[in-house]
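Q: In case you want the letters, here they are:
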Amino acid sequence: MNKKLVFFALVTLGLLLYALNQALYVAPTEETMGDIQRIFYYHVPSAFVAFACFFANLVASLVYLKQRSSAADAFALATAEVGVVFCTIVLITGPLWAKPVWGIWWTWDARLTSTLLLWLIYVSYLILRRFSSGGQTPVLAAVLSVFGSVDVVFVYMSIRWFRTQHPQPVLGGGEGSGLHPAMAHALLANVVAFFAFGALLVWLRYKLERSRQQLDELHALAAERGTN
Amino acid sequence: MPRNLLLAYAVTWIIHGLYIVVLTHKAARLRREYEELNKPGPGR
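Line order of the protein sequences matches chains V and X.
Take the first sequence: its position 44, counting from 1, is numbered 44 in this note's numbering, and each next residue is one higher.
Just remember that this note's numbering sits 1000 ahead of the position in the second sequence, which is counted from 1.
Don't take every hint at face value.
[To be verified] Here are the simulated distance ranges between beta carbons:
hint: 1; chain 1: V; residue 1: 106; chain 2: X; residue 2: 1022; range: 25 to 35 Å
hint: 2; chain 1: X; residue 1: 1022; chain 2: V; residue 2: 224; range: 28 to 38 Å
hint: 3; chain 1: X; residue 1: 1022; chain 2: V; residue 2: 185; range: 26 to 36 Å
hint: 4; chain 1: X; residue 1: 1035; chain 2: V; residue 2: 108; range: 47 to 57 Å
hint: 5; chain 1: V; residue 1: 5; chain 2: X; residue 2: 1017; range: 17 to 27 Å
hint: 6; chain 1: X; residue 1: 1018; chain 2: V; residue 2: 150; range: 23 to 33 Å
hint: 7; chain 1: X; residue 1: 1029; chain 2: V; residue 2: 28; range: 40 to 50 Å
Treat the hints as calculated values from the structure; they're not laboratory data.
Positions of the beta carbon are idealized from the N, C-alpha and C atoms, including for glycine.
Model the full assembly from the supplied sequences, consistent with the hints where possible.
A: Structural data, given as structure tokens:
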């Protein structure tokens, strides 16, 4: 395995352990919710990484549509897959936090519903890529990604545009929003660690997809030699 | 610590762990396919 990758993996592991300690032991306990609020330090960074992955997927898809570059296609697939993994975590940690705080696991408000829709869109994207055959699959997937990315904006803005059960933004939510400095530090540590981990997963998945593309080319070449 | 907090953290790492297992499995399958493709044929 390449040395850079191993080094990056070790740095990421260190960041994740530091961030876990910050989230569980260093950040102060929130007054009204108590310790359950610490889910915030995993829920929010996972959402940020999912958004970043879906945005990267949009950029890679646009590059693919313009240049038909197989590297852009591989990157689009890697970011969509990792985005779905993080979005799944958001959809599981959210209800685990909601039940003790709101008294319900789920409600069909704008933020929660649009997040579920976002997950379904990118799962459809992955299913399309997995089961559709033929040369047009990457093009169809890229077009789906362009339309799907609109929901990322909707999910992000939903708590600003609508009255939702989901809390209003804690960061950048205008007057009255904000975090205790120790909580902000724990959040930042987790955001950095989760971004590093997300980047590591995208890197690994991208390398795998590039290898698969090369293998497909070799298979095609071997088949061509066989017929000539 | 509240049960749901532990569950949330555990589920997060179980999902990431499973994804890493899937990636490892994919990598092993690709390696096998490469080896099969590079295996000399009976006539060579």
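Q: Does each hint hold? Answer for all of them.
A: Consistency of the hints with the structure:
1. 106/V <-> 1022/X: 25 to 35 Å: 27 Å, holds
2. 1022/X <-> 224/V: 28 to 38 Å: 32 Å, holds
3. 1022/X <-> 185/V: 26 to 36 Å: Distance hint for residue 1022/X, residue 185/V holds at roughly 33 Å.
4. 1035/X <-> 108/V: 47 to 57 Å: Holds, at about 51 Å.
5. 5/V <-> 1017/X: 17 to 27 Å: The hint (17 to 27 Å, Cβ to Cβ) holds, given that residue 5/V and residue 1017/X are roughly 18 Å apart.
6. 1018/X <-> 150/V: 23 to 33 Å: 30 Å, holds
7. 1029/X <-> 28/V: 40 to 50 Å: About 47 Å separates the Cβ atoms of residue 1029/X and residue 28/V, which means 40 to 50 Å holds.
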